[in-house]
Amino acid sequence: MKNNKRYAMLIDLRKCVGCHTCSVACKAENSFPVGVFASWVKIIEKGKFPHVSRSFLPLSCNNCEKPICLTNCPVKATWKREDGIVMIDQHRCIGCKYCIASCPYDARFVNPLKKYVQKCTFCHHRVDVGLVPACVETCIGRARIFGDINDPNSLISQTISTNPVNVIKPEMGTEPRVFYVGLDLDAADPIKVWKVLED
Amino acid sequence: MDIQVIYNTPYYIPLGIFIATYFYLTGISAGSFVISAVTVLGGKKEYKSIGKIGSILAPVSLLIAPIFLLIDLEQPMRFWHLYIYLQMTSPITYGTFLLSAYPLNGVLYAWALFANKEKTAKILGITGIPLAICTHGYTGFILALGKGRPLWSTALMPTLFIVSAMVSGIALVILIASFNNFFFTKRKDVEKAEQEKKLILNLGKFMGATIVADLFLILNDILVLLTSKTEEYHVAQLLLFGEFKFLFLGIEIFLGSIVPLFVVFFPKTGQTLRGNVFASLLVMIGVFAMRLTVVYAGQSVPLH
Ligand code: SF4
Ligand code: SF4
Numbered sequence: 002m003k004n005n006k007r008y009a010m011l012i013d014l015r016k017c018v019g020c021h022t023c024s025v026a027c028k029a030e031n032s033f034p035v036g037v038f039a040s041w042v043k044i045i046e047k048g049k050f051p052h053v054s055r056s057f058l059p060l061s062c063n064n065c066e067k068p069i070c071l072t073n074c075p076v077k078a079t080w081k082r083e084d085g086i087v088m089i090d091q092h093r094c095i096g097c098k099y100c101i102a103s104c105p106y107d108a109r110f111v112n113p114l115k116k117y118v119q120k121c122t123f124c125h126h127r128v129d130v131g132l133v134p135a136c137v138e139t140c141i142g143r144a145r146i147f148g149d150i151n152d153p154n155s156l157i158s159q160t161i162s163t164n165p166v167n168v169i170k171p172e173m174g175t176e177p178r179v180f181y182v183g184l185d186l187d188a189a190d191p192i193k194v195w196k197v198l199e200d
Numbered sequence: 004m005d006i007q008v009i010y011n012t013p014y015y016i017p018l019g020i021f022i023a024t025y026f027y028l029t030g031i032s033a034g035s036f037v038i039s040a041v042t043v044l045g046g047k048k049e050y051k052s053i054g055k056i057g058s059i060l061a062p063v064s065l066l067i068a069p070i071f072l073l074i075d076l077e078q079p080m081r082f083w084h085l086y087i088y089l090q091m092t093s094p095i096t097y098g099t100f101l102l103s104a105y106p107l108n109g110v111l112y113a114w115a116l117f118a119n120k121e122k123t124a125k126i127l128g129i130t131g132i133p134l135a136i137c138t139h140g141y142t143g144f145i146l147a148l149g150k151g152r153p154l155w156s157t158a159l160m161p162t163l164f165i166v167s168a169m170v171s172g173i174a175l176v177i178l179i180a181s182f183n184n185f186f187f188t189k190r191k192d193v194e195k196a197e198q199e200k201k202l203i204l205n206l207g208k209f210m211g212a213t214i215v216a217d218l219f220l221i222l223n224d225i226l227v228l229l230t231s232k233t234e235e236y237h238v239a240q241l242l243l244f245g246e247f248k249f250l251f252l253g254i255e256i257f258l259g260s261i262v263p264l265f266v267v268f269f270p271k272t273g274q275t276l277r278g279n280v281f282a283s284l285l286v287m288i289g290v291f292a293m294r295l296t297v298v299y300a301g302q303s304v305p306l307h
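Protein chains in written order, with the numbering used here: chain A, 2 to 200; chain B, 4 to 307.
Same shape as in the complex, but just chain A:
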């Protein structure tokens, strides 16, 4: 293996205050147009007063180890870097939207101005010059940690080893590379949230 790096993100939900700074930073950094989101924070409220709580769940592409979007992209516009970041070649994407339909996390979208598919790439342009992704940089609670999970000395490896972590929809077998500490079951369940909206 030439490059042993495996970039991943960890979001410590105990520190997240639901301020949406990450969503804003993501939009500004990548110039994503209005109406589409590569990174967003879902917020739910549970319980009856006075026993109530609010849960925040920042979501984005998980840059999966086994991305189904890559398996299904017919023109290899979706590809994986050696460090594990899942990329989309904007000159090659034909916009068939099959990847959007097959991603279990709803992480992709068609850029309405540029007419090709985009998603979170851990700000690969920043990572390449030694910076962390914009959302990590701006997170006011320092809830986000970005780093190489193959390096046992990195902060992210140490945090993962010493905390109970979780990923979203592990049953999909895509091996997500965004980990959560303190993930709330109800916030992570799209069906429950959807049912609430339906009623």
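Please note: incorrect hints may appear among the correct ones.
Computed beta-carbon distance windows for the label pairs [stated by the list, open to error]: (1) Arg277(B) x Met88(A): 55 to 61 angstroms; (2) Ile261(B) x Lys115(A): 46 to 52 angstroms; (3) Ile16(B) x Glu66(A): 23 to 29 angstroms; (4) Thr272(B) x Met88(A): 57 to 63 angstroms; (5) Glu246(B) x Pro34(A): 28 to 34 angstroms; (6) Pro165(A) x Trp83(B): 48 to 54 angstroms; (7) Gln240(B) x His52(A): 29 to 35 angstroms; (8) Ala29(A) x Leu107(B): 48 to 54 angstroms; (9) Leu66(B) x Arg55(A): 55 to 61 angstroms.
Calculated from the model, a selection of chain A residues having no Cβ within reach of chain B, i.e. all distances over 12 angstroms [said to hold, decoys possible]: (10) Arg15; (11) Lys16; (12) Ser32; (13) Thr122; (14) Asp129; (15) Ile150; (16) Ser158; (17) Asn164.
These aren't lab readings, by the way, just hints derived from the structure by calculation.
For every residue, glycine included, the Cβ atom is placed at its ideal position computed from N, Cα and C.
Based on these hints, arrange chain B with the ligands on the given structure of chain A.
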């Protein structure tokens, strides 16, 4: 437990009516080709008119079908990428080659039939059947590999698509054959018209049999969905009691399968051309409703 959603991003449905129409057209094409090839390979002279009708319908519907795929692309001018950048794990990649080879085979086959080249037609019929089945079967794989979507990611999908393709293909052949019989053959040659009519009635029975197979598969699918995981259960609820109950239960199952089944097997209506034409029309509508339901309901359960 009280749960309230304070904020979430909107939820989009990426694939829509163009894709459903595309599935519908390839289905018709595959079904009518198989019927045509089977009648030609069976070798009976009187079957030939049916064989010819199928041989025309197959390439024509398949030449229209990719247009829908093309206009659904965000970058239609880049469609040629499909031919040079190959991702062999993607069903769309192998579909591209099937979609190119199959109409070619179909056009040659139709030509051979009309030019009375029996042998060539038979050979092309034999090569065409697996091509036709794959061309439609792969569309089922497209959905089956959409692993996040509970309605789609079942091993049943390709078979379900192929069977419903047969249903709709036969229905269209019956429609055109009856039209031909009523307006052309009957005026020229009454005896031949009678023979043809018998054939059409037989086709109607065959259509009935494929409808039964289709219903059986759908029943399997729904039963398993209902007792499977949460997402699966909710998709089944959507189909049976939710947003899609009219399209699914009303049009696809009742109007598109049960009524035609009754019409073709009930002696009074099943023995008339009119009855068969009516049943076929309903079937054509029902199968389109099936395509719509699968595409839309499959994407209607949110993922985040
Ligand atoms: S989250 Fe979705 S888009 Fe991102 S790598 Fe995984 S499957 Fe692909
Ligand atoms: S929309 Fe683009 S990235 Fe997605 S599967 Fe199609 S070609 Fe690949």
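Comparing the hints with the structure gives:
no.	hint	in the structure
1	Arg277(B) x Met88(A): 55 to 61 angstroms	holds (60 angstroms)
2	Ile261(B) x Lys115(A): 46 to 52 angstroms	holds (48 angstroms)
3	Ile16(B) x Glu66(A): 23 to 29 angstroms	holds (28 angstroms)
4	Thr272(B) x Met88(A): 57 to 63 angstroms	holds (60 angstroms)
5	Glu246(B) x Pro34(A): 28 to 34 angstroms	holds (29 angstroms)
6	Pro165(A) x Trp83(B): 48 to 54 angstroms	holds (50 angstroms)
7	Gln240(B) x His52(A): 29 to 35 angstroms	holds (30 angstroms)
8	Ala29(A) x Leu107(B): 48 to 54 angstroms	holds (51 angstroms)
9	Leu66(B) x Arg55(A): 55 to 61 angstroms	holds (56 angstroms)
10	Arg15	holds (19 angstroms)
11	Lys16	holds (19 angstroms)
12	Ser32	holds (18 angstroms)
13	Thr122	holds (18 angstroms)
14	Asp129	holds (24 angstroms)
15	Ile150	holds (24 angstroms)
16	Ser158	holds (27 angstroms)
17	Asn164	holds (24 angstroms)
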